[in-house]
Amino acid sequence: MLRLDPGEGRVRTARSFTAWEGGGEYNTSRGLRKCFGYKTAVCTAFVDNEVGHLVEDFIMQGGVATDFIKWRDDDGIGRTVRNGLNFTERGYGIRGAVGVPDRGNTAASQLKPGDFDWDYIFGTLGSRWFHTGGIFAALSSTTAELTIEAVKAAKKHGVIVSYDLNYRPSLWKSIGGLAKAQEVNREIAKYVDVMIGNEEDFTASLGFEVKGADHNLSKIEIDAFKAMIETAVAEFPNFKVAATTLRRVITATKNDWSAILWHDGQFHESRKYPELEILDRVGGGDSFASGLQFGFMEFNDPQLAVDYGAAHGAFASTTPGDTSMATRKEVEKLMKGGGARVVR
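Residues in the sequence shown are numbered from 1 upward in steps of one, following UniProt numbering.
Watch out, some of these pointers could steer you wrong.
[Said to hold, decoys possible] Within a straight-line C-alpha distance of at most 20 Å, the following computed SDA-like cross-link-like pairs (lysine to any residue) qualify:
1. K156 - Y120
2. K254 - E230
3. K226 - K254
4. K39 - G7
5. K254 - G337
6. K333 - V343
7. K152 - A97
8. K254 - G93
9. K155 - Q110
10. K173 - R128
11. K329 - R271
12. K240 - K333
[What the hints assert, rightly or not] Label-pair ranges, simulated between beta-carbon atoms:
13. V343 - K219: 34 to 42 Å
14. G93 - G207: 31 to 39 Å
15. G207 - H53: 36 to 44 Å
16. E50 - G7: 17 to 25 Å
17. T251 - K152: 40 to 48 Å
18. R15 - I77: 22 to 30 Å
19. G207 - V100: 22 to 30 Å
20. K329 - D73: 43 to 51 Å
21. G338 - G78: 29 to 37 Å
22. R79 - L125: 34 to 42 Å
23. V100 - A179: 19 to 27 Å
24. G114 - G207: 50 to 58 Å
Derived from the structure by calculation, the hints contain no laboratory data. Cβ atoms here follow ideal geometry from the backbone N, Cα and C, with glycine treated the same way.
Hey, can you work out the whole structure from these sequences and the hints?
Listed below in structure tokens is the structure:
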């Protein structure tokens, strides 16, 4: 979708916006392509008009293949189908970030089972990894059905499936609320290898509870979160990995940042980035996901996966827009404890 950013100001008083592209699955694919050099593609839909082709141009700039974009006829007014918008304030200090999605009746939300040839994508082309998430699944009843179709097809072809729960109550409230979110996500979870989400995501989307967690995780709360993950993987033994970023929100522009990953009965924690100064927090979790994917595909190492993920997510939070502007060299420097001295 198209992100419209008022910069340092507010949506309600803006006179101009900077345009970016963004979206949970796309952000991850772009990071994996642009930062880590892997070939990626996105499966989505746009209206065949100037706004749709603006988003397409952004995607091409990010190096992500556009072969599987579905183009829908423009009715001239957006009465039957339109392109999605997301107005996003970065926040500053005591003023938190604000997202105002405008995604009703979009081309992506009208995608349905049968729209993509998964046997061709996963079988003939040999895709190695499929990533999707709870935001796309929540757009409509048909996108939920399409997500289930896709993860089943991926498993049939032996493709690794990662899923970012990304629970957004505003998206689910008009299509069945919490009960529907759990029904859909628990069905998808049966086919997931790598489950990503924080304590709220696991609680709301899958029905697992971590007592006392509030996103400002203390050691006691991290231990409770670990216990919840162990409960989740016991119910879903297909989970090979469960992971999340750990953020203690000091202000909108200063967070303690790290990540944790469960794999094969062991927990792996990343380097900690205390009081990370944040320019734009949106997309940090998606950059974590792409770093994690790279760590497994390149090295098959859970510790490196969580370290690449945490460093990439931290670095992405220092630049504007949803997507990463980091290089692999910069990420690896940060993983090794490199500082912010000027580079000449």
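Right, here's what the structure says about each hint:
1. K156 - Y120: With Cα atoms ~12 Å apart, K156 and Y120 stay inside 20 Å; holds.
2. K254 - E230: 30 Å, violated
3. K226 - K254: Given pair K226, K254 is violated - Cα atoms ~25 Å apart, limit 20 Å.
4. K39 - G7: Violated, at about 31 Å.
5. K254 - G337: The hint holds at about 19 Å.
6. K333 - V343: Holds, at roughly 12 Å.
7. K152 - A97: It is violated: about 35 Å lies between the C-alpha atoms, which goes past 20 Å.
8. K254 - G93: 8 Å, holds
9. K155 - Q110: Cα-Cα ~24 Å, so violated.
10. K173 - R128: Distance ~34 Å between K173 and R128 Cα, so the pair is violated.
11. K329 - R271: 17 Å, holds
12. K240 - K333: 28 Å, violated
13. V343 - K219: 34 to 42 Å: 36 Å, holds
14. G93 - G207: 31 to 39 Å: 35 Å, holds
15. G207 - H53: 36 to 44 Å: Holds - the Cβ-Cβ distance for G207 and H53, about 42 Å, lies within 36 to 44 Å.
16. E50 - G7: 17 to 25 Å: About 23 Å separates the Cβ atoms of E50 and G7, which means 17 to 25 Å holds.
17. T251 - K152: 40 to 48 Å: 43 Å, holds
18. R15 - I77: 22 to 30 Å: 25 Å, holds
19. G207 - V100: 22 to 30 Å: 29 Å, holds
20. K329 - D73: 43 to 51 Å: With Cβ atoms ~44 Å apart, the hint holds.
21. G338 - G78: 29 to 37 Å: 47 Å, violated
22. R79 - L125: 34 to 42 Å: Given a distance of about 36 Å, which is inside 34 to 42 Å, the answer is holds.
23. V100 - A179: 19 to 27 Å: 26 Å, holds
24. G114 - G207: 50 to 58 Å: 30 Å, violated
Comparing the model with each numbered hint stated earlier shows that hints 2, 3, 4, 7, 9, 10, 12, 21 and 24 do not hold.
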